[in-house]
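One-letter residues, chain by chain:
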Amino acid sequence: RKEVEQDPGPFNVPEGATVAFNCTYSNSASQSFFWYRQDCRKEPKLLMSVYSSGNEDGRFTAQLNRASQYISLLIRDSKLSDSATYLCVVNPTGNQFYFGTGTSLTVIP
Amino acid sequence: NAGVTQTPKFRVLKTGQSMTLLCAQDMNHEYMYWYRQDPGMGLRLIYYSASEGTTDKGEVPNGYNVSRLNKREFSLRLESAAPSQTSVYFCASSSPHMGTEAFFGQGTRLTVV
Numbered sequence: 003r004k005e006v007e008q009d010p011g012p013f014n015v016p017e018g019a020t021v022a023f024n025c026t027y028s029n030s031a032s033q034s035f036f037w038y039r040q041d042c043r044k045e046p047k048l049l050m051s052v053y054s055s056g057n058e059d060g061r062f063t064a065q066l067n068r069a070s071q072y073i074s075l076l077i078r079d080s081k082l083s084d085s086a087t088y089l090c091v092v093n094p095t096g097n098q099f100y101f102g103t104g105t106s107l108t109v110i111p
Numbered sequence: 422n423a424g425v426t427q428t429p430k431f432r433v434l435k436t437g438q439s440m441t442l443l444c445a446q447d448m449n450h451e452y453m454y455w456y457r458q459d460p461g462m463g464l465r466l467i468y469y470s471a472s473e474g475t476t477d478k479g480e481v482p483n484g485y486n487v488s489r490l491n492k493r494e495f496s497l498r499l500e501s502a503a504p505s506q507t508s509v510y511f512c513a514s515s516s517p518h519m520g521t522e523a524f525f526g527q528g529t530r531l532t533v534v
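Going line by line, the protein sequences match chains Z and F.
Read left to right, the first sequence gives residues 3 to 111 (the working numbering).
Read left to right, the second sequence gives residues 422 to 534 (the working numbering).
Among the hints, erroneous ones may be present.
[As the list claims (entries may be wrong)] Among chain Z residues calculated to face chain F with C-beta under 8 Å, some are: (1) Q33; (2) E45; (3) P46; (4) G96; (5) F99; (6) G102; (7) T103.
[Stated by the list, open to error] From the derived model, a few chain Z residues whose C-beta atoms are all more than 12 Å from chain F: (8) A22; (9) N24; (10) T26; (11) R61; (12) Q65; (13) R68; (14) A69; (15) T108.
[To be verified] In silico BS3-like links for lysine-lysine, alpha-carbon gap of 25 Å or less: (16) Z/K47 - Z/K4; (17) Z/K47 - F/K478; (18) Z/K47 - Z/K81; (19) Z/K47 - F/K430; (20) F/K492 - Z/K47; (21) F/K430 - Z/K44.
Think of the hints as simulated: they come from the structure by calculation, not from any bench.
Where a beta carbon is used, it is the ideal one built from N, C-alpha and C, also for glycine.
The task is simple: from the sequences and hints, build the whole structure.
What follows is the structure, given as C-alpha cells:
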C-alpha cells in the first residue's frame, strides 16, 4: 500500500469556483502533513502545513482527519494563477517525506 | 539566500555513461534528499542523508550512489546510465524538527538515450 494516495484529477474548474482535494495516508503514527504546489516543470514549493486543528491561509484551508487518515485542501474563489499540481505530503517519522502523485488543477476563464 | 542549488539543470547521456549530480544548500539543514519524478509516479525517494557521512536508501536506490560530502553538499552518481533513469531529479533539504518543511532545488532534467 502506498504511503500517500491522491486522486490525480484533472480538476477543471471555472474562475471563482470552490474546489477540494483529498488525500489519504497509511501510517497512523504520522505527525507532519503538508500541501505543496508544483507548477509545470518547476520544483515543488510549500503551499501550507496542515495542523491538527485545521488552518487557513487566505483562500486556502487545510484540514486533517486523524481518525480517517485523510488530509484535505479547499480552495475558494479560484484564480487562474491557482492552476498547478497540488501534492499531498506526509512525514511520518521526521526524516522522510512521502509524496502523493499530485492532483492537477486547471482554472478556466 | 540561494536555498538549494542543483547542477546541472539539463543533461543528455548515452547509455552506459556516468555522471554526478550536485546539490548544495545554505540553510544549515541536517537532512538532504534525492528524489526522482516521473509522470504518473510522483516524487520517489532515491537516497537521503541525516548528517555528514551518513546515507540511507529510499524507495528506488538501485543504479545510484550518493555521497554526503559535507553538511552543505550531497551528490548523486549514476555509474552506468540506463534509459530507465531518464527522469527529473530533485534535491531537497530540511531540518530534523517535526513539522518543518522540505525545500527543493530547481531540478535536473536527465535524458538517457
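Hint check results:
1. Q33: holds (5 Å)
2. E45: It holds, given that the least Cβ distance between Z/E45 and chain F is near 4 Å, below 8 Å.
3. P46: Check passed: Cβ of Z/P46 comes within 5 Å of chain F, closer than 8 Å.
4. G96: holds (5 Å)
5. F99: Holds, because the Cβ-Cβ distance from Z/F99 to chain F comes to roughly 5 Å (cut-off 8 Å).
6. G102: holds (6 Å)
7. T103: For Z/T103, the interface hint holds, since the closest Cβ of chain F sits about 4 Å away, which is under 8 Å.
8. A22: holds (20 Å)
9. N24: holds (16 Å)
10. T26: holds (14 Å)
11. R61: Nearest chain F Cβ is 20 Å from Z/R61, so the label holds.
12. Q65: holds (16 Å)
13. R68: holds (15 Å)
14. A69: Since the minimum Cβ distance to chain F is about 20 Å, Z/A69 lies beyond 12 Å and the statement holds.
15. T108: holds (17 Å)
16. Z/K47 - Z/K4: holds (22 Å)
17. Z/K47 - F/K478: holds (24 Å)
18. Z/K47 - Z/K81: holds (18 Å)
19. Z/K47 - F/K430: At roughly 18 Å apart (the allowed maximum being 25 Å), F/K430 and Z/K47 satisfy the hint.
20. F/K492 - Z/K47: This hinted pair holds, its Cα atoms lying about 22 Å apart.
21. F/K430 - Z/K44: holds (11 Å)
The structure meets every hint from the earlier list without exception.
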